[in-house]
Amino acid sequence: MNGVAMNEAAMSQGPASVHADRGPTLVAEGVCKAFISGRVRTQVLDGLSLRIEPAELTLISGPSGCGKSTLLAILSGLQPVDRGRVTALGSDLGGLDLRALERFRLLHTGFVFQGFNLFSALSALEQVELPLDYLGLGRKESRYRAVQSLDEVGLRHRMRLRPAELSGGEKQRVAIARALAKQPDLLFADEPTSSLDAANGQMVIDILHRIARTHGTTVLCVSHDPRLIHHADRVLAMEDGRILSDTRPANPVAPLAGSTP
Amino acid sequence: MVALARKTLLYEWRRFLPAMVAIGFAGLLQLLQAGLVLGIFGSASVYITGSSADLWVGYPGTQSVNLGRAINPDLAMLLRTDPAVVQVEPFYWVDADWRGPRGTGGESVFVSGIDPRADAMMFSKALPPALRARLREPDAVIIDRADIGKLGVQVGDSAAINGQRVRVVGVARGLRALGGVNVVSSLDTARELDIDPVDAGRPTYLVARLRDPAQAAAVAARLRDRGGFGPYQVWTASDFARRSVLYWMLDTGAGAGVLFLAGIVFLVGAVITSQTLMGAVAGSTREYATLNALGVGVAKLRWVVLEQAFWVSALGLLGATVLGVAIIALARSQDVPVVLDVPITLACIVLALGLAAISGLVAMRSLRRADPATLLR
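Going line by line, the protein sequences match chains A and B. To convert, count from 1 in the first sequence and add 478; that's the working numbering. To convert, count from 1 in the second sequence and add 835; that's the working numbering.
Hints listed in this document are in silico derivations from the structure and should not be mistaken for laboratory results. Don't take every hint at face value.
As the list claims (entries may be wrong) - The calculated EDC-like cross-link candidates involving lysine to aspartate or glutamate, where the alpha carbons are at most 16 Å apart (straight line), are:
(1) B:1135 / A:611
(2) B:842 / A:604
(3) A:618 / A:604
(4) B:1135 / B:1206
(5) B:842 / B:1142
(6) B:985 / B:932
Unchecked claim - Listing some non-contacts, in silico: residues in chain B with all C-beta distances to chain A over 10 Å:
(7) 899
(8) 907
(9) 914
(10) 1016
(11) 1197
Claimed, not checked - Covered stretches of chain A, as calculated for chain B (at least 3 residues, CB under 8 Å):
(12) 542–551
(13) 585–592
(14) 597–610
(15) 657–669
Cβ coordinates follow ideal geometry from the N, Cα and C atoms, glycine included.
So that you can see chain A by itself, here it is in the shape it has in the complex:
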């Protein structure tokens, strides 16, 4: 199968990536999750329900320990729920086995973590190409998409460098390019700016926001960084495993047009 054909096949298994007005892409209904450590049982999420819309940047903010990372893990299919139901792109995640979940993530989701988690032996370009190889894309198609993604995060001129030669902000942008090159419908980011300074943090959230706007991607970001609130289209404030408020800032700071310098 050639790369382009595979690409189309991959796309056809999910809803078309471009645009909004087709209802929520992520739905949680009555989700419960508890962790047991020894004899202590901690209820992290208790009957939580929410809907996340595509083509916008949704921020879940709250103090550490409020359950926001657990929520992200559950919505992205990395952890099962104890009770309740999670639907992503119309699929019930609870009904998928481990392999099917991996396949679902491969085709539809991207991740950006607080630690950049880049392979120290690979150049920026190879980091981005690696998951595309497993997606079954041809060599040319992988290379093309990887370069495009690195261009989109403003790193085309740095794509031959290894992580050791990149700054923290640049590493996080490589990580974003790695997630973006898969052309995911869902992009999850866990504290993407926590280990970055103000300027780099600003740049990273800008890129995430722009991805949501231009690709129609559902971007779900979890952070306790208050600087991000003004960049989000929608902010869910969380505490003790419950959503306290669901607001849409009146005039979110629009992402800069074009590629980042």
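Given chain A, work out where chain B should sit, using these hints.
Coordinates of chain B only, in the frame set by chain A:
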């Protein structure tokens, strides 16, 4: 395809170096051990492998060439009447006592009485024609150069075997014996040195050359069980050599010890290699977990680890080969019996690769820690 396994190995070679060294040395140990075992026990059959005879005729049930008993010399007639046989000659084996000229005390020696002619079969590979021609002199003997110190003689010196005077006329290589010292003489000298009345001048073996060595098994079979010649048995040279080596390896307990040691080397190698590989893999746990979050299956990640194990072992074995060649050359220059052939070397390589595969499989366990959910903290 991005060559993750190879690039990581090249870039972070320091992390993988201990595993390479472990596999390399485990392979080297196995190889040298096999070489030593073959070399040492192979010398039990040097009389057969150093000669060009195709058939050996000896006393029935002889388990090793050094345990022969005298047979009927008329058997030579039987051999010569077979149309496949082109040459027949006797071989005398005499267990004897050596007294050197410089007070080295007694030394147990095995005297091999052979035909000294240039076209004779016995020790045709171990003794060049000029050297064996010197055996025509009365009371002449040849010894291995590694035994010079043990016997306390130089070329030209005289000594006594079974109380009779002999003279060392030359030294050869590759005649070292197992459990004693080989001394080569002519048939006449050997008969004189044999003081056992039971032997009464009869040869211990008769050896024969065939027109077509490939027919050895068939000729040996048809020469067995002919009446009128007393007890005898016919073996092909390769059968008799194997019989002798196996006798020393198995019936002396040395073989079991060697196999046991090989098992230990394998076990230790596997434990060290898998531990070092696990450490190297664990260093990339977070990156593997990220790939898994992006949907790259655990099965695919396992392949990366296995591939790394393969490259680690390939590089380790390459180093071991270089070192091994040097060590074997050193051993040979010191007359340490080391024998390596292609099947044994291949077997050792396969064993080392198996060790790497097992280590890789064990190292995969550290991928269990690569749960992407742990990245969400």
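Going down the list of hints, with the structure as the test:
1. Simply put, residue 1135 (chain B) and residue 611 (chain A) have alpha-carbon atoms about 11 Å apart, close enough for the 16 Å limit, and the pair holds.
2. Taking the CA atoms of residue 842 (chain B) and residue 604 (chain A), the gap is near 10 Å; set against the 16 Å cutoff, the hint holds.
3. Distance check on the hinted pair: residue 618 (chain A) and residue 604 (chain A) sit about 13 Å apart at the alpha-carbon level, within 16 Å; holds.
4. This hinted pair checks out: residue 1135 (chain B) and residue 1206 (chain B) have alpha carbons roughly 14 Å apart, not beyond 16 Å.
5. Simply put, residue 842 (chain B) and residue 1142 (chain B) have alpha-carbon atoms about 11 Å apart, close enough for the 16 Å limit, and the pair holds.
6. For the suggested pair residue 985 (chain B) and residue 932 (chain B), the alpha carbons sit about 13 Å apart, so the restraint of at most 16 Å is met.
7. Distance to chain A confirms residue 899 (chain B) as a non-interface residue, since its nearest Cβ pair spans about 57 Å, more than 10 Å.
8. No Cβ of chain A approaches the Cβ of residue 907 (chain B) within 10 Å, the least distance being about 76 Å, so the stated non-interface status holds.
9. The beta carbon of residue 914 (chain B) sits about 70 Å from the closest Cβ of chain A, which is more than 10 Å, so the claim that it is off the interface holds.
10. At roughly 59 Å from the closest C-beta of chain A, the C-beta of residue 1016 (chain B) stays outside 10 Å, upholding its exclusion from the interface.
11. No Cβ of chain A comes within 10 Å of the Cβ of residue 1197 (chain B); the nearest lies about 22 Å off, and the non-interface call holds.
12. Check result for the stretch 542–551 of chain A against chain B: holds, 4 residues qualifying (beta carbon to beta carbon below 8 Å, three or more required).
13. With 6 residues bearing a CB less than 8 Å from a CB of chain B, the stretch 585–592 of chain A meets the requirement of three and the coverage assertion stands.
14. With 8 residues having a Cβ less than 8 Å from any Cβ of chain B, the stretch 597–610 of chain A passes the three-residue criterion, so the hint holds.
15. Counting residues of the stretch 657–669 of chain A whose C-beta sits closer than 8 Å to any C-beta of chain B gives 3, which meets the bar of three, so the coverage hint holds.
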